[in-house]
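Asks: Residue numbers for the sequence shown follow the working numbering, beginning at 760 and rising by one.
A few of these clues could be false.
Stated by the list, open to error - Label pairs and their calculated CB-CB ranges:
1) F1195 - L885: 26 to 36 Å
2) E1267 - T883: 22 to 32 Å
3) D1113 - D1286: 11 to 21 Å
4) F1195 - P1160: 16 to 26 Å
Said to hold, decoys possible - The calculated lysine to aspartate or glutamate pairs, modelled on EDC-like cross-linking and capped at a C-alpha distance of 20 Å, are:
5) K1298 - D1286
6) K1254 - E1321
7) K1141 - E1166
8) K1254 - D1348
For the record, the hints were derived by calculation from the structure and aren't laboratory data. No residue lacks a Cβ here, since even glycine has one placed at the ideal position from N, Cα and C.
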Amino acid sequence: MSKELIKTNETSATTEVSNFLRQIIDHDCLSQTYSNRVDSNGKLLPSVITRFPPEPNGYLHIGHAKSIFLNFGLARDYAHAINGARCHMRFDDTNPAKEETEYVNTILESVQWLGFNWTYGDQTCLYYASDYFDQLYQFAELLIQKDKAYIDSQSADEIHKSRGNFVDLGVNSPYRNRSIDENLALFRAMKDGQFQDGEHVLRLKIDMKHPNLVMRDPVIYRIRHAHHHRTGDKWCIYPLYDFTHCISDAIERVSHSICTLEFENNRPLYDWILNALCDASVLSAPLPHQYEFARLNLTYAITSKRKLLQLVQDHHVEGWNDPRMPTLVGLRRRGYTAKSLQLFCDRIGVSKADSWIEMSVLEQSLRDDLDPSAHRSVAVMKPLKLIIDNFDQAPELCSAPIHPHLEELGRRQFHLSKELWIESDDFMQEPVKGFFRLYPPINGQPGSRVRLRYGFVIECTGFDLDDHGQVTAVHANYFADSKSGTEGANTYKVKGNIHWLSAEEAIEAEVRVYDRLFTDPNPTGGDKDFLNFLNPHSKSVIKAYIDPSLALAKPEQSFQFERHGYFVADQFDHSVNTPVFNLSVGLKDTWKK
760 MSKELIKTNE
770 TSATTEVSNF
780 LRQIIDHDCL
790 SQTYSNRVDS
800 NGKLLPSVIT
810 RFPPEPNGYL
820 HIGHAKSIFL
830 NFGLARDYAH
840 AINGARCHMR
850 FDDTNPAKEE
860 TEYVNTILES
870 VQWLGFNWTY
880 GDQTCLYYAS
890 DYFDQLYQFA
900 ELLIQKDKAY
910 IDSQSADEIH
920 KSRGNFVDLG
930 VNSPYRNRSI
940 DENLALFRAM
950 KDGQFQDGEH
960 VLRLKIDMKH
970 PNLVMRDPVI
980 YRIRHAHHHR
990 TGDKWCIYPL
1000 YDFTHCISDA
1010 IERVSHSICT
1020 LEFENNRPLY
1030 DWILNALCDA
1040 SVLSAPLPHQ
1050 YEFARLNLTY
1060 AITSKRKLLQ
1070 LVQDHHVEGW
1080 NDPRMPTLVG
1090 LRRRGYTAKS
1100 LQLFCDRIGV
1110 SKADSWIEMS
1120 VLEQSLRDDL
1130 DPSAHRSVAV
1140 MKPLKLIIDN
1150 FDQAPELCSA
1160 PIHPHLEELG
1170 RRQFHLSKEL
1180 WIESDDFMQE
1190 PVKGFFRLYP
1200 PINGQPGSRV
1210 RLRYGFVIEC
1220 TGFDLDDHGQ
1230 VTAVHANYFA
1240 DSKSGTEGAN
1250 TYKVKGNIHW
1260 LSAEEAIEAE
1270 VRVYDRLFTD
1280 PNPTGGDKDF
1290 LNFLNPHSKS
1300 VIKAYIDPSL
1310 ALAKPEQSFQ
1320 FERHGYFVAD
1330 QFDHSVNTPV
1340 FNLSVGLKDT
1350 WKK
């Protein structure tokens, strides 16, 4: 399937009102497909029940955000349906070797951070597939008794080879015709721990010549002597995902089971298992139905849990919450807001067409969220001393709006003093054409004049050099009648306007400047080794000077540092005594491809 590249511009704000999933749900609500179901207590069930079912084997990433907003969002938006709607939070925890309580906790926290919960009235809809291990085992025995499952004693390699491929049909296992009694006895012995890992498996008896490889007698139980994070050592056999997932949906009475396109080939198996159990009278119609949508493919990022784990374990990043990571905890620490991720997911929409989304779409969503509300402030990232030689008075009070379009927020106050910090980029010894900031007198002509933003007009008079020829300070004179906002200030016509901080007031801060983690838009495409495309300049740490009020910022509070971009007080490291800010996103897209 070809993948379309989706881009956006800085003014894009389109939101998809509907999609094929909403059309399906609208039809089901109108026809009352799921409106007359009752639970075990005879209480009517919601017409719409979705679920978000992550495996607790890693941290959630940006792709999961799309699924969260979709499934929980549908439950929110269809609250008006007959008997309402809800979304279940369920952990598909069937692989004890890779699952940890740490992952469970961070997943729950991330879902709540995005603005959702799993409580509806007096019902808490938090579930685990491991809650159903007893029922799953009973259903497996039932399928054996119906001659729809059997114990296979081949090795994993033998089973794989006998499945065939898209050209060659599969070959029946030599153990496929075991008697029902022998299969039951072996399955119970597996459960009782009488065999080693890999010695036997339980397979469904479907069709080894089926055109869909998934349907060629899939394995549904395997032996695994491993400690489970919830059930401990009770079990030494565990059901596989394809068997567990559909039955969990049915037990929870899910109506619309929404997953990504890679599970499209598995849908016939999903239906086969549920229909087999329905025929055995342990499940009742209407059964859940699976629908697939396109997963999120984001340029300059990876969304493979295995590869993300490798980045963490091999110390290419500083943990799952490294702000360069596409994990939700990483994006949060970078300064992304739940609202900006919702905006991003709204813009990319929901469809069955596979596509690539430009990183710029995500970045612009953050800008569009922060711009209307983020407080403005000043930071000097490349400090250079500016000395106003004729300023010999007490510091002069100046002010600037906290937000240019929100007058009700008031103004922030600061002082002009004899010594200031300015950006070193705002001075040139020998100015190039079109440079309208500070430069010294040249060829008998006076130095340039600029306005200190929200302050006074100054004229450059010279500069100091160290023994290595590096500029250590710039000198200037100010014009006392040029203060911004005062009468007569507009008589000074200057082209340059620069940011500054009082050297007496400014405080030192650590500023972490982040860029994209990879240099290639598709670092895992083809036969690429994604590690070869790690961006060596994805993080730099600088010592900057900031407005003293920023030390009072709360962790996760975002600001626009005028001229530089949007920054967030670090979630963990920022404090009054040690201010730490992370670059969230620049003021505009400046990525060089």
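Asks: Next, verify each hint and record whether it holds.
Replies: To see whether the hints hold, each was checked on the structure:
Under the hint 26 to 36 Å, the C-beta atoms of F1195 and L885, about 60 Å apart, miss the expected range. Under the hint 22 to 32 Å, the C-beta atoms of E1267 and T883, about 48 Å apart, miss the expected range. For D1113 and D1286, the hinted distance range of 11 to 21 Å is satisfied, since their beta carbons lie about 20 Å from each other. Against the hinted window of 16 to 26 Å, the Cβ-Cβ separation of F1195 and P1160 comes to about 24 Å, which satisfies the hint.
For the given pair, K1298 sits about 27 Å from D1286 by alpha-carbon distance, which is inconsistent with the 20 Å threshold. Among the hinted pairs, K1254 with E1321 is consistent with the structure: their alpha-carbon atoms are about 18 Å apart, no more than 20 Å. Between K1141 and E1166 the alpha-carbon distance is near 30 Å, which puts this suggested pair outside the 20 Å criterion. Taken as a hint, the K1254 and D1348 pair is broken in the structure, with Cα atoms around 25 Å apart against an allowance of 20 Å.
Violated hints, listed in ascending order, are 1, 2, 5, 7 and 8; each of the other numbered hints is respected by the structure.
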